[in-house]
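Each chain is listed here by its residues.
Protein chains: 2
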Amino acid sequence: MSASDAPTDSAAYPVGARNRVKRRHDRGFYDHATVHRLLDAAALCHVAYVVDGQPYCTPTLFWREGSHLYWHGSSASRMLRTLAHGTRACLTVTHFDSLVLARCGFNHSADYRAVMAFGQARLVTAPEAKRHALVMMVDRFFPGRTAQLRASTDQEIKATSVVSMEIEQASAKIRAKGVADDAEDYALPVYAERIPIRTVIGAPEPCPRLLPGVRRPANLAGYHAGRLLEEAVSEAHALAYATPEAAEHHADEA
Amino acid sequence: MSASDAPTDSAAYPVGARNRVKRRHDRGFYDHATVHRLLDAAALCHVAYVVDGQPYCTPTLFWREGSHLYWHGSSASRMLRTLAHGTRACLTVTHFDSLVLARCGFNHSADYRAVMAFGQARLVTAPEAKRHALVMMVDRFFPGRTAQLRASTDQEIKATSVVSMEIEQASAKIRAKGVADDAEDYALPVYAERIPIRTVIGAPEPCPRLLPGVRRPANLAGYHAGRLLEEAVSEAHALAYATPEAAEHHADEA
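Chains as they are written, first to last, in our numbering: chain A, 12 to 265; chain B, 12 to 265.
Excised from the complex, chain A in its bound form (with noise of 0.2 angstroms):
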């Protein structure tokens, strides 16, 4: 890192040529409040990593830990056998809130709030440490039910491979003020609107081999019919990481 990366504030991310936004960099946020506020209310993010000069942009579930980023696969798939030896990656998550339409083409937009974060990424190999992050991986998005599942076995801890990237940069990127037109184009006879958009939870659908008497259990009422995915969450997140000993895990993996 260099000296015109060192960080400003100690509660934000430190800004350098990678993450500084550039474009409109009126919307450009680098606090870690800002920053795991957008990435704690997400479950899908995408990864991009190189191969052999080659872009790759991978989605998957994720979850933040910490100053941590974690994600899973298959121990075969391309993205993981890339990574297991350290690579660098940038992990984007966006929420995508309207579509904007102004009074002329140039000005048609979109309201969205985005995190790109940058680091090395990298296999978690201690078992300790592996062990943890596939308990994370469910109880993240579940609190509590990993206690409640058929235990894991060997093999399917042998082939679940866990990556953790250190946010090493980031930035958050936010455009929230639907229509903004030229000045002079509000005289003009032009219809424009602001269209919102969002990711809801439908009706959950029970499994139609469940056992008779197993009901749904409380630990998942966060996720009903309506409601915005990115609350159920989010809610999700502060919950699973609000004892210390889970909020500070990842310290013990350097």
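In case anyone wonders, no lab produced these hints; they're calculated from the structure.
Among these hints, one or two may not hold up.
For identical chains, the list gives no copy identity; a pair is met inside one copy or between any two copies.
What the hints assert, rightly or not - Think about it this way: if two alpha-carbon atoms lie no more than 30 angstroms apart in a straight line, the pair counts; the simulated DSS-like pairs of lysine-lysine are:
id	residue 1	residue 2
1	Lys33	Lys169
2	Lys33	Lys141
3	Lys141	Lys169
4	Lys169	Lys184
5	Lys188	Lys141
6	Lys33	Lys184
Please read these numbers as outputs of a predicted model, since none were measured by experiment.
Following the hints, position chain B against chain A.
Structure of chain B alone, referenced to chain A:
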């Protein structure tokens, strides 16, 4: 393209090391119909590209015309400066359909429909091709809208860069099976369910500064509260490219 990348079907993208679905290959599709349907149902994509060995994953609006993908942004943005001279990129679209809660941690999953498309991204510089792209950038989502707007200025056209990428290879990956537990686990008294996720349109918000008498035009009727975004976006694409001239325009570009 090597011999092993040769197309085996005239209506499919060639399969090679770059786009072959390696993990869970039963989930992989390469035919144009599947790939294009998933692309055309989306407004948002994530583009991976590389600058000095560093991967970036950038969210952006995009659209498909024939076998080309298009996206845009300010001429000053990092992505567009990098892509200006032609560079490898991977454009990914993900439709996130559910969270799947199984009877063991290992079988927790998600339903999704994703496309990864590979090619060389480059700036559209030919004036007629750029003019056409700036129309379709709006009309692909809102057919006929450009004709209803204040015309673009030369300065606006200059300030907007359009990137085009011919799809050299692509793959679709689809999981749509909900809960899928190991046979013996169905005998366990563990609750399992599929939590559906939908991205929907909210109530359109007219600009508060509309002139008196300016009504919502009929060509926006497809965007109404409660509708799946992917339905509106798919329908708009079909309408926008219903005329042979629009559909065939990309052939002029080479």
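First find the shortest C-alpha distance between lysine 188 and lysine 141 inside one copy, then the shortest across copies, and answer within, between, both or neither for a cut-off of 30 angstroms. Classified as between: cross-chain Cα gap 28 angstroms, same-chain 42 angstroms, threshold 30 angstroms.
Between lysine 141 and lysine 169, at a C-alpha cutoff of 30 angstroms, which is it: within one copy, between copies, both, or neither? Classified as within; 10 angstroms inside a copy, 51 angstroms across copies.
Could you place lysine 169 and lysine 184 in one of the four classes (within, between, both, neither) given a Cα distance threshold of 30 angstroms? For lysine 169 and lysine 184, the Cα distance is within 30 angstroms only across copies (24 angstroms; inside one copy 38 angstroms).
At most 30 angstroms between alpha carbons: which applies to lysine 33 and lysine 184, within, between, both or neither? Within one copy only: 10 angstroms inside a chain, 33 angstroms across chains, cut-off 30 angstroms.
For the identical chains here, do lysine 33 and lysine 141 meet the 30 angstroms Cα criterion within one copy, between copies, both, or neither? between (37 angstroms within a copy, 24 angstroms between copies)
Check lysine 33 against lysine 169 for me: Cα-Cα at most 30 angstroms, and say if that holds within a copy, between copies, both or neither. between (42 angstroms within a copy, 18 angstroms between copies)
This entry satisfies every hint, going by the numbered hints stated previously.
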